[in-house]
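Enquirer: Please work from the sequences and hints to get the whole structure.
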Amino acid sequence: MIERSLLEGLDATMARLTQLAEDHRRAQEYDLSCERMAYVAAQLITLQGELSALRRSADLLASLGAADEAEVWRKTCVQLRTGSPRALQSPGRALVTGDVELLRLVAYAAGGTLIARERRILLARELARRIDTLEAAQSCRHAAGDGREIDLQPLRQALELLSTAGTLTLAQLMQLETLVVG
Amino acid sequence: MRYPTCWDADRVRSVLTTESRQKERELFLQTHRPFQMIRVDFCKEPGSWGPFIPEEELRAIVQSGPVDAHNRLFFVVGEAGSGKSELCQWLEYMVDPDARLAVHIPRSMTSAAHVVALLRDRLGADVALSRAPIATQADHVALSAVVLLYERGGTLAPPDLWAPVLLSAGLRAEIAAHLAQAGDVAHEPLLPDSQVRELCSLHGVAVASDRVPAVAAALRLLIGQALEQTLWLGDMRRLLAQLSDVAVQQGRRPLLLLEDITAFQILGDLLLDYLLDLTSGHFDAVIGVTTGFEQTQLAGATLVGDLTHIHHRLRARFVLSDDQGRSFGLEEELVNLARAYLGAITVSDAAWAHADGAFDGLYPFTEIALRRAFDSLHEEGNPRQTPRLLLEHVIGAALLGSEPPPITLDRSSYLVRPPALFRSEDGVSEDLASLLRWYGEIGEEDVTLDARIATLWGVTAPEHLFQDGRIRVPRAYITLPPSSAPPDADWQGELRELQRWMALGGRYPSRETLKRGVERAILWLGDPRSLGSQDALSPAQATIYYTRGDERLPIFIEDGSGDQDPTGSYVKVRVGRAPEDRAILEELVYLELSGAEPAHVCHNLALTLEWARRHWDSYHQEVRTLLREQMGGLTAEQLILSAWRLLHGLIGPGDDYLSSETPSLDDDAYDRLTPWSPERQAICYTTGRALWRWQDIVRRLFIGAFTLRETLLDQERYVAGTSDLDIRADLERLARLRLDTLRSLPFKVRPGGHAIQALLLPLQRYARALHGLDVPAAWRSDMQDLRRREEHLQAQQHLDHPALGRRLRELHWRCGEVGVTWHESWDVALETLTAITPEDLHVLVMQVSELRGGAGDRLSDDIWAYQEFRHALRPVIAHPYWSAAATVRRIQDELLRAGQERYRRDARMLVSTAAYRELLQVTRRLRQELIDD
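Those protein sequence lines, which keep their order, are chains A and B. Letter 12 of the first sequence, counting from 1, is numbered 12 in my numbering, and no numbers are missing. For any residue, its number in my numbering is found by taking its place in the second sequence, counting from 1, and adding 1000.
Please keep in mind that the hints were generated in silico from the structure rather than gathered at the bench. Careful, some of the hints might be misleading.
To be verified - For each label pair, taking beta carbons as the anchor points, the in silico distance ranges come out as:
no., chain 1, residue 1, chain 2, residue 2, range
1, B, Ala1777, A, Arg16, 32 to 38 Å
2, B, Arg1925, A, Asp68, 48 to 54 Å
3, B, Gly1819, A, Thr82, 53 to 59 Å
Stated by the list, open to error - Partial chain A-side listing against chain B, Cβ under 7 Å, derived:
no., residue
4, Leu32
5, Ser33
6, Met37
7, Tyr39
8, Ile45
9, Arg86
10, Leu88
11, Leu134
Glycine included, C-beta positions come from ideal geometry on N, C-alpha and C.
Expert: Following this line, the structure appears as structure tokens:
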């Protein structure tokens, strides 16, 4: 072993201690980034759920012949596409730095969610009204002795799902898709 | 030896009777010597008495009472044979028969029937003993015996078997015949054995022939008790009262002389009860009592059970002998008494006429012989100087013996032979020794004897002992100066025991005295148990000391004296009975007894010292041999020198080890001096520390063994000791010592009283550690260490000292930053390193280099060379730089350890985590949703 001077030994010790302190600081920053990431992920998942529910509502109304109402979905997509921040495509840097890009991403997710939820509720009301109309017409036909009958039960179940408070889970969305497509 | 005599044995026996009453009146008065000293304990008669009175005054006191006065009691107390019966007999002969009626009851008259007969005789009564017919009295006695048989039991069992025998007509006829002749003092005894055998056979009682005497005795005792109870005892008080009344009516006062009340049982109690009832009669009673009986029996004989009760009723108490059994006044009267008796026995004879002057009319005694024999009288193991013993066992024995008195006296069991006080190496024969022992006149410087005595009895003596008609033998002991305390009173007795042991061997009861004398003589030359130098004068000295036994020098008196033989580790000074040592041993006994100076006692002090030196050397050598054997061949000196060398090696050169200053024994002091490293030579270090604590004891032992004064070496002893020392071999011997076998080693270090094994334990362990040390490996290890140190110092050659100072300060506050507790000692280390200069480091590196270079030539397996090297190494490796540098290294280690504990090191890249990848998928789906419109 090569002997070194006392000074060299002390230098090495100090350097090693500094390195340890730096590692400590990085570990603390990583923890903060992880917390930010979890928050942003939750916001974006909510937005995605609301958008899916809005699209199903528009598809249902379109199948019932309400073309104007179906246009609401397309306009919403355009609106959100044009206003999306850069961090939505690559959120890593915004999450580590925690700067304004992160704020923009959070604001976009929260705002988009509010828009989609509001429009989905409007479409749900229209869908309810149209189902009621169909029921009334079917009652008249029964009274007139027309025996043909349309099964409205799936439509009512789909409506029930779409009327919930915009917090659809992935499972609920899958169920809704099955109901509508099926 | 010849023994011319001129007396008749029968005449001797008739004169020297045991009882005074056995002598005729004329003979009694011829041989009687007046009692000149009778002690008066108290006397209630008017006048001033005491403390001693002659017999005439005693007679006057006894006779001083009026005729009709109530009972007056006088006790005459004395040892058996002290003259009680002589005094009673003299009173009987001397009393005025017109005024006194003397009734003398001798010791031999113990039967109630005899006493009653005597009283009746003195009363002048000629009637039968009782008014009832003899046959009726016999029936009464037989029935009483049957009652006693049933009540008391005993040999005659069962009672039903023996009652018919007692009530038989034959036995009653025997009792009647016995009663008929009761007044006759010489009557036949009741029931001889042959008659008992006949009675038993007649009544069908089977008694084996060998049991007949015991059965007959039991029958006689039973009937005797019945006789006393039924007839005599009941009659006694009445008879005494009658006697008293009759005497007073005749104008005479009865004088009852009861020689020895000890001889009576029930009768004695009855007599005493009557007399103690002072108003029961008009007796003067002189009652002989032995000292022991008065104290033990007499008190219990009274109704009150208290001797005071008796004494209060006495008129006077006279005492004839002292507590040691010596009759008062007899010593002064001794010659006259002997002369009186010899005069009554012997007649002049021409056979010793030419030597008569030598005996002074006392042939075959001289005054010296009489007095010496008198002083030697013993009975039952105690000295007892009474007239009876003198007459029977000195005068009587000498006159009736077939050999001259010295031989007879030598053989008497009543005489303790006086010691021979003359020196034995002067050709004294046994006969002459015996003659000198009893007849020799002891002068200040010699023992002398009238040569005519020896010639008369045919005792020869060497020519050179004759001088001026006397035989002169030098005395063994010189008279003590007046200032000296007198020797023990029993010194002659002890000397006698020594002489007996010297002559015959065997038990020697007072051998402790000889031992103390021998001890005293040996200790004049110093204590042979001490194994130190006798020339050492320093008060700081200590010695190895043999300590078996108590503080006294263990001495063994040989030849069955009663001492236990020395065994194994218990060595003793052996004292034998070589004839040539006799005079010296006698002197030593006398020396011890007298407490005198040797010059006053020892005939030839040089000879005594030479004897003591011989025994001193022999015993000292035995003690040394014992130690050497127990220590595997190590002598005391080798042990001390080995310990001394080991401590020298441990402490290192340069100190004044013999100084009187007590060294510091704390661990820090040891660490400063020891050559051993606690890490690399741990066993040597630890065991060395244990030995280090004994350094003062070892130093003192060395002083005690090899110095004249504390710092003045005894060159002769030291050179002899060191030339005998092979330190390698002794180290091995020490290392091989079996400590478990040394646990009971009877040696201690004095002063201090440390057991030798307590010193041997650290010595042996340290020796074993040194012996077990791999010296070459230790050398190599040290050289490697030195090389590392040298390299380290080389690395510091271009040290930036100001920068080092800054870094050291930073080290301090960085410790605070990460929470390392700062120790004060660290400040010292930091200060040392801050203050160290390039020059300091240069000197240090030079020293290390020098050590490395110097040791290179000395590498060997020599433990002593290696110790020297270690001592040279110690100041270098003890330089404060090393500990400071080590401390800084330790601080750095502490700092990094604390930093690693305090700081986290688990930081990761966010984008490489699974969570981030999931987030990307969410954004991807979201964008896809918006695109798929």
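Enquirer: Decide, hint by hint, whether the structure agrees.
Expert: Status of the hints after comparison with the structure:
1. B:Ala1777 x A:Arg16: 32 to 38 Å: holds, 37 Å
2. B:Arg1925 x A:Asp68: 48 to 54 Å: At roughly 28 Å between Cβ atoms, A:Asp68 and B:Arg1925 fall outside 48 to 54 Å, so the hint is violated.
3. B:Gly1819 x A:Thr82: 53 to 59 Å: holds, 56 Å
4. Leu32: Violated, because the Cβ-Cβ distance from A:Leu32 to chain B comes to roughly 10 Å (cut-off 7 Å).
5. Ser33: Hint on A:Ser33: holds, closest Cβ of chain B at ~5 Å, below 7 Å.
6. Met37: holds, 6 Å
7. Tyr39: violated, 11 Å
8. Ile45: holds, 6 Å
9. Arg86: Where the cut-off is 7 Å and the nearest Cβ of chain B is about 12 Å from A:Arg86, the hint is violated.
10. Leu88: With Cβ-Cβ at 5 Å, under 7 Å, it holds.
11. Leu134: violated, 27 Å
Hint check: violations occur at hints 2, 4, 7, 9, 11; the rest are consistent with the structure.
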